[in-house]
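Engineer: Here's the letter readout for the chains.
4 protein chains.
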Amino acid sequence: MIKAGIIGGAGYTGLELVRLLLMHPEVKISVVTSRRYKGKKVSDVNPHLFPFIELEYEDVYTEEIADRSDIAFVAVPHGSAMEYVPELMARGTRVIDLSADYRLKKADYERIYKREHKDREERDAVYGLTELHPEVADADLVANPGCYPTGAILAVAPLVKEGIVKQVVFDSKSGISGGGVEPSERSHFPNLAENIIPYEVTSHRHVAEMRNELHVKVSFTPHVIPSIRGILTTAHVFLDDSGLKTHAELEGIYKQFYDDKIFIRLKRGTPSLSSVRGTNFCDIGFEIEEKSDRIVVVSAIDNLVKGGAGQAIQNMNLMFGLDEREGLWSPGLAP
Amino acid sequence: MIKAGIIGGAGYTGLELVRLLLMHPEVKISVVTSRRYKGKKVSDVNPHLFPFIELEYEDVYTEEIADRSDIAFVAVPHGSAMEYVPELMARGTRVIDLSADYRLKKADYERIYKREHKDREERDAVYGLTELHPEVADADLVANPGCYPTGAILAVAPLVKEGIVKQVVFDSKSGISGGGVEPSERSHFPNLAENIIPYEVTSHRHVAEMRNELHVKVSFTPHVIPSIRGILTTAHVFLDDSGLKTHAELEGIYKQFYDDKIFIRLKRGTPSLSSVRGTNFCDIGFEIEEKSDRIVVVSAIDNLVKGGAGQAIQNMNLMFGLDEREGLWSPGLAP
Amino acid sequence: MIKAGIIGGAGYTGLELVRLLLMHPEVKISVVTSRRYKGKKVSDVNPHLFPFIELEYEDVYTEEIADRSDIAFVAVPHGSAMEYVPELMARGTRVIDLSADYRLKKADYERIYKREHKDREERDAVYGLTELHPEVADADLVANPGCYPTGAILAVAPLVKEGIVKQVVFDSKSGISGGGVEPSERSHFPNLAENIIPYEVTSHRHVAEMRNELHVKVSFTPHVIPSIRGILTTAHVFLDDSGLKTHAELEGIYKQFYDDKIFIRLKRGTPSLSSVRGTNFCDIGFEIEEKSDRIVVVSAIDNLVKGGAGQAIQNMNLMFGLDEREGLWSPGLAP
Amino acid sequence: MIKAGIIGGAGYTGLELVRLLLMHPEVKISVVTSRRYKGKKVSDVNPHLFPFIELEYEDVYTEEIADRSDIAFVAVPHGSAMEYVPELMARGTRVIDLSADYRLKKADYERIYKREHKDREERDAVYGLTELHPEVADADLVANPGCYPTGAILAVAPLVKEGIVKQVVFDSKSGISGGGVEPSERSHFPNLAENIIPYEVTSHRHVAEMRNELHVKVSFTPHVIPSIRGILTTAHVFLDDSGLKTHAELEGIYKQFYDDKIFIRLKRGTPSLSSVRGTNFCDIGFEIEEKSDRIVVVSAIDNLVKGGAGQAIQNMNLMFGLDEREGLWSPGLAP
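Residue numbers (this note's numbering), protein chains in the order written: chain D, 22 to 356; chain R, 22 to 356; chain H, 22 to 356; chain U, 22 to 356.
These are computed hints drawn from the structure, not numbers from a lab.
It cannot be assumed that every hint is accurate.
Pairs count within a copy or across copies, as identical chains cannot be separated in the list.
[Said to hold, decoys possible] Only pairs whose alpha carbons sit at most 27 Å apart, straight line, appear in this in silico DSSO-like list of lysine-lysine:
#1 Lys182 with Lys61
#2 Lys238 with Lys312
#3 Lys187 with Lys266
#4 Lys238 with Lys187
#5 Lys182 with Lys126
#6 Lys182 with Lys312
#7 Lys266 with Lys238
#8 Lys126 with Lys49
#9 Lys24 with Lys182
#10 Lys276 with Lys61
#11 Lys61 with Lys282
#12 Lys127 with Lys282
#13 Lys49 with Lys238
#14 Lys49 with Lys187
#15 Lys312 with Lys127
#16 Lys24 with Lys61
#17 Lys24 with Lys266
#18 Lys238 with Lys59
#19 Lys312 with Lys135
#20 Lys312 with Lys187
These figures come from a predicted structure and were not determined experimentally.
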């Protein structure tokens, strides 16, 4: 059994790691940390997990976490993950960091996140978008992608690889669970219900990950919708002059690119958040605009699973030589 | 492997049976019927099930279903189930009927459902409220309870058994998935959102099941809330003069009654639909009103799981000598 | 023009007073207070009010508010209203208090709200449930009812007056705006969406107002539903032996009781929150249970209007000799 | 008093016309038609309108409607409006058509809507986007704009007029009331809740109106969100090389363009559907992307008011020499 530690186990991402790892046949959760709930049973604070987990939240030194874990999932806010990662790695524990701290080069990180990167080393983390980076299998440090980049990049990667894309506009719509477990103005029911809230419309930091992976002109605007889970990304893709294709050609490109990618489901129509609810799937559909250079590609993920905890476990599976699907293979909770 | 047939596999209850049975390690789905979708792949009509099921919907004679199944789940509307059950039983297939057709004596059924009961026999179906009827283990025909009675009866059964209850008012609030897969006035988003809809406020037929099981004065009013899944039942329990108890005494009564009932979770506070989402749990909490003869008991279930498909599978597990939890043992999908 | 001051104009009740008074042909808002937003334009903080109000939030002495206002609406939390009311009245300003501070006798208040009542006097406030207390017209101090009591009491008052009611169980479902403008655990979207939250199930303090007005055995349990506005109250009314009536008789009782009450609308079926959205109406429907002593009466109000600001203005209209409907006479915002 | 007839008064647009015209001081509704509800009182079918309207639905000849009306609002589906308009105009009744039938040249209409245009004449309807077409004042036939084009065109018209726009991508999110009063797959609560549904992602016919008005490269994709009312449009505007501007310059452009347009509210941040709920306002905010040629402009309208019935009444006001605000001047219903 793989011993897995979860650092930051009281937020939505950490809790989703717990929920999924509890169902994983090859994993035993060794430690779950939370300063706020130290000493309380995880299932007392989160009754949906009763009676699946006996553990209490702990607040222990990083070295102890390292000693008790074969792999550590770091699910604390960006800026904090870098306080744990060096020590974990120094003690030989493999790490999947779900924060933004290791997704970019340090210099880029500091410019974009507007804070100092406290890790002395420039670590060679693998960007854990599993379908595009099979080299996670050999990584000791995986930087798990942001929720928005996961859905956005997967939507257009096949077209970009063809070299026919001139420009992409990603317009994303996320459930509010991406905003975290703490009540806020934005998550206040009367503010979000019967509404849709655009935010950081030209400046969301996730765009840096998209540009890193895609190398085409990328624009990005996120919104919060009155839903709990899910991200639907509408990608407006503009092709260059050479790029005009038939639907069959495009379908061929997508099918070939995602041929053996078990968690990508290509759809005939547009995908739906309901179909991916609670799962690690990324559903993708596309449509060519007549007499135009535009293709609209739509992707749907569960932000907490494929956009977070699920993809982290998918990466762990590869890192430990397991079938990619272990612990993640279930139909969506529809309706 | 148990071969399971599902009659009526395109409604929400039938689909939930498919979703859950696909995860069941001891079951193989042998046939799924639907007249409307005959010949279509189940996962084409219901993309959340792709690629978990290869089967197509079929429309075959009951005898063929019987021949291909060790157990048949009947998930058609009440009034239709009685067209399948006699033939299935005649051919030795065990049956779990999720409709109302076998929950009551025929005479009661005809009076309450205002239609003729076409089965010539008065069959001795076991009422499949698993925690109260362990004799389902030996049954050949299980009448799976209604969604409302499941949550309502479980909430107050321990108190009723004590003989201290004078009267109960059940005020239930259900997600709209209980109303089925077909669009209707009530399920039309602009009618349900920002609203709560009471219906059949004095005449809902499920009250007959409650009275059958509880033998005290029972009143019942259901409502639909703007949620997809879940039933929260608020039971206003009035005790007779002998009945006044401390909280500790009540807790003792509930703990003893549900001692080995793995799917009942007793809560300190009030339960939440989030904690039971997608699961077979029934969460129960209660509070004594000061200087009063009233106790408020609140139960929460997922109407499609414990209130339908899940409880049916729980019954099947007992009927086939399996652990009650097989295929049903997972944490709630919170948030 | 009546000069109206609003003390506590940044909460939902205060803002609804602003919204409604801006449309009132006989009123001019003279002052709106808020410590938090002092100096900011009301319409900058609340963009839905732009460009209807030019005023800035102020933080001024009570005596100045009194001097600038013919009537003061006190929309601060209970416990704080009593700090304003004595001074306002001493200076001859008429007062409508929307908090709980003057709804009960001081002794009852202190017992139920578990805090000292700081007003030295026992003031003879009129309980402002307009339809039952026309004497508000002559009042200098009106204690505006709680949101729950408004819908609950109106639902059953005609039956209680007949002397045929033995017991009532009020099971109420409220939109979350009743919880106020501040984000909280309960108002956090992932906690409330796809859920319904019972709270203070045996101990909500509003029951005291109901008992004061009704003088029969009353039980009360409130819930929050995933909606912004509205309270639907399901009243389970149990009649004494003499009480059994036909539907026509009951309809006669309600029609007579509410004959000239323009804001009460009697319904054939069950009422809907959509129909009263944004309005001062209370819609009431009822149904007799066959072979039973139970009548189910359902009422629907907008908690911020008839359950708060609207009823306050209705009272003000009577106090100043205006038509009850002034500023309040508009159809519901359906859908 | 202006006598106003409403043809098609049982759909959401027709009902919103009724709701708003009932509050209009200069208008008397003379006739409301509906085949389905002929003979029923409007307020029986739509209880939110009780007791504001005494009329019954009628099903009468167009000529009678014309005789009884100074102005006729045609609120039937596209394809049907053209059956009424010629006769109405022939009899001298001014017409505001809320369908798509007169928004485009007949040839364009037939190509885009894929049906024959039965009106023998090419009528010179004025496109009723009030802020851009003051000539509605003199029109006898106004083609009221589609809901999506209203929010989209208003968002970018000032920039387009400057001649600096190269390309616009409109990504719109609409409440489901735009889909009409009839239950459908899309409006079925379990399908829409916890979801967002893109549809006609490259082929929605409203794009023709946008291109007619804007004369730049326009792409458009609509979505339905789990809300009743409102359209939020995110306009991704790409400027040509000459076009880069400071925020102050852009603000100047918008302020000047919309200087005297009372229903346009320019916002500092991003607009919200809550602020425009139930109103005729269009709220607009924008943000320049650093080091980029992109500006994101966001507009918010109530699809049934500014996107339908409200704008029609705004046009009527101008046609009859009234203040534009008559019957429409109220704050948004927030929260």
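Engineer: Which holds for Lys276 with Lys61 at a C-alpha limit of 27 Å: within a copy, between copies, both or neither?
Structural biologist: Intra 48 Å, inter 22 Å, cutoff 27 Å: inter-copy only.
Engineer: Indicate which option fits the pair Lys187, Lys266 if close means a Cα-Cα distance not exceeding 27 Å: within, between, both or neither.
Structural biologist: both (14 Å within a copy, 24 Å between copies)
Engineer: If the cut is 27 Å between Cα atoms, do Lys49 and Lys187 qualify within a copy, between copies, both or neither?
Structural biologist: neither (46 Å within a copy, 49 Å between copies)
Engineer: When Cα atoms must be at most 27 Å apart, do Lys24 and Lys61 count as within-copy, between-copy, both, or neither?
Structural biologist: Within one copy only: 21 Å inside, 44 Å across.
Engineer: Reference check for the pair Lys49 and Lys238, CA-CA at most 27 Å: within, between, both, or neither?
Structural biologist: neither (43 Å within a copy, 49 Å between copies)
Engineer: Treating 27 Å as the Cα threshold, decide for Lys61 and Lys282: within, between, both or neither.
Structural biologist: Classified as between; 25 Å across copies, 40 Å inside a copy.
Engineer: Within, between, both or neither: how does the pair Lys182, Lys126 come out at a Cα-Cα threshold of 27 Å?
Structural biologist: within (23 Å within a copy, 42 Å between copies)
Engineer: Is it within, between, both, or neither for Lys266 and Lys238, if the alpha carbons may be no more than 27 Å apart?
Structural biologist: both (20 Å within a copy, 20 Å between copies)
Engineer: Is it within a copy, between copies, both, or neither that the alpha carbon of Lys182 lies no farther than 27 Å from that of Lys312?
Structural biologist: both (23 Å within a copy, 25 Å between copies)
Engineer: Is it within, between, both or neither when you check Lys127 against Lys282 at 27 Å Cα-Cα?
Structural biologist: neither (31 Å within a copy, 49 Å between copies)
Engineer: With identical chains, the pair Lys126 and Lys49 could be close in the same copy or across copies; at 27 Å between alpha carbons, which is it: within, between, both, or neither?
Structural biologist: neither (33 Å within a copy, 50 Å between copies)
Engineer: Are the CA atoms of Lys238 and Lys59 at most 27 Å apart within a copy, between copies, both, or neither?
Structural biologist: neither (46 Å within a copy, 46 Å between copies)
Hint check: violations occur at hints 1, 8, 9, 12, 13, 14, 17 and 18; the rest are consistent with the structure.
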